[in-house]
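Sequence lines, in order, name chains A and B. With my numbering, letter number 81 in the first sequence gets 81, and the count goes up by one each step, no holes. With my numbering, letter number 26 in the second sequence gets 1026, and the count goes up by one each step, no holes.
None of these hints come from the bench; they were simulated from the model. Computed from a predicted model, the values in this text were never measured in an experiment. All residues carry an ideal CB built from backbone N, CA and C; glycine is no exception. A couple of the hints might just be wrong.
Partial selection, computed: residues in chain A whose CB lies under 7 Å from chain B [claimed, not checked]:
(1) Thr38
(2) Asp55
(3) Lys57
(4) Phe72
(5) Lys93
Derived list of chain B stretches under chain A, where covered just means 3 residues or more per stretch with a C-beta under 8 Å from a C-beta of chain A [unchecked claim]:
(6) 1112-1125
(7) 1128-1136
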Amino acid sequence: MAKSVTFNLLKPLQPPKTAWDKIYDWIVDKARIVVLVTIILIAAAFVAKVVVDTDAKNKNKQIDSLTQRLSFYTAEVEPRLRLLAIKTDSYQKIWNKSSSYSTIIKEIYSYVDNPGADLTIKASDGKVSIFGTEDLTLLRNLEEKLRNSPSFTSVNFGSLSIDGSDVQDAKGEYSVSAVIKDSKRPQI
Amino acid sequence: MAENIETKTQARQSRLNELLSTSQRKTYFVAAVTVLFVLIMLLVGVLPSYSAFSAQAVENGKRQDAIDQLDAKRTTIENLVKEEETKKNLVDEFNLAFPTPTPEQINVLTVAQNTADKNGIFLLNSTITNIVNTNDIIKKFLVTPQVKAQTVSATLEGERESLTNYIADLESNVNLFDVTSAVISRKTGKELEISLPGREFKLTIQFNYFYYVQSTQ
């Protein structure tokens, strides 16, 4: 039996593959999924980068616009408003720590029945001084009321002097001092 | 030299052949190369791309924070401006009561006179005497050195109750009047004899009024 020998010239014999050829084959065959996933990830990252860059550009424009707007306020309006705020704060502090003597003076007068009494009331530095020449009964009454009043502490009779004519009229020259417990106004 | 290189190449080839000598070794070798390849792809391709947009995203976050703060400030200022416009009368009244940068002396004396008229008492005289020491103001009120004060001294005559009401009106006046001294006394002797009805009592009062200067001189 004759053995037939055929030559296929369309399929020439390939030279033996080099190491690089093998690597190339491996990459395009077995590792193509890895390459494809990497390319997809890089493409997605590129799209995301475009998006964030556009976003950054828009934000920069927004910041410029706001800064420009605020620079007008900073120069014109803000100093005025800050001054108003500081003044309001100072106003409140001054008001709350300012003295109030009218209620104290009214209270002292409420202890004196005689509207024509020779009485001088001086209120200052958180203290009140009362002096004059008056009926001794009135003085006793005044002293007692002042000592029992919750508005005062340290009620002291500074002096009481009675001369000859005063003895007959039961009158005396006196001075009383007391410390006002709270001489501040109602707070705001 | 050429022999040396050939020897090295042969050694590498024989080692590679050894690595791929069995099916199990071949599998391990391919798996290792695959892992190495994935790592190289991650390091060379994916991570730089990811870090490029993630860093930008972080920067954008900071920009957004800045925008939020600027916008909040803008909104606050615009609201305050609106409030200032709607309460213009109140603001003007406040600025008259607590003036800047110079004291409103005429306003203070006018208030003192008008308050006396309101209570039916007689203002004999009123003078602005001196500028209060700034340290005293700071000590008493715990305010900034920009707050200044002047002292007003006034003498008035009238009924006892009206004079007391005058003090109360000053103390509750929108202008900041801090009464430092008030002396009410009944006239005596000749002074009482020549006194007109309804003017038997005398009030000597001192009070500070305040203003605000923007510099600290």
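To see whether the hints hold, each was checked on the structure:
no. : hint      : in the structure
1   : Thr38     : holds, 4 Å
2   : Asp55     : holds, 5 Å
3   : Lys57     : violated, 10 Å
4   : Phe72     : violated, 10 Å
5   : Lys93     : holds, 5 Å
6   : 1112-1125 : violated (count 0)
7   : 1128-1136 : violated (count 0)
Violation of the numbered hints given earlier is confined to hints 3, 4, 6 and 7; the remaining hints are satisfied by the structure.
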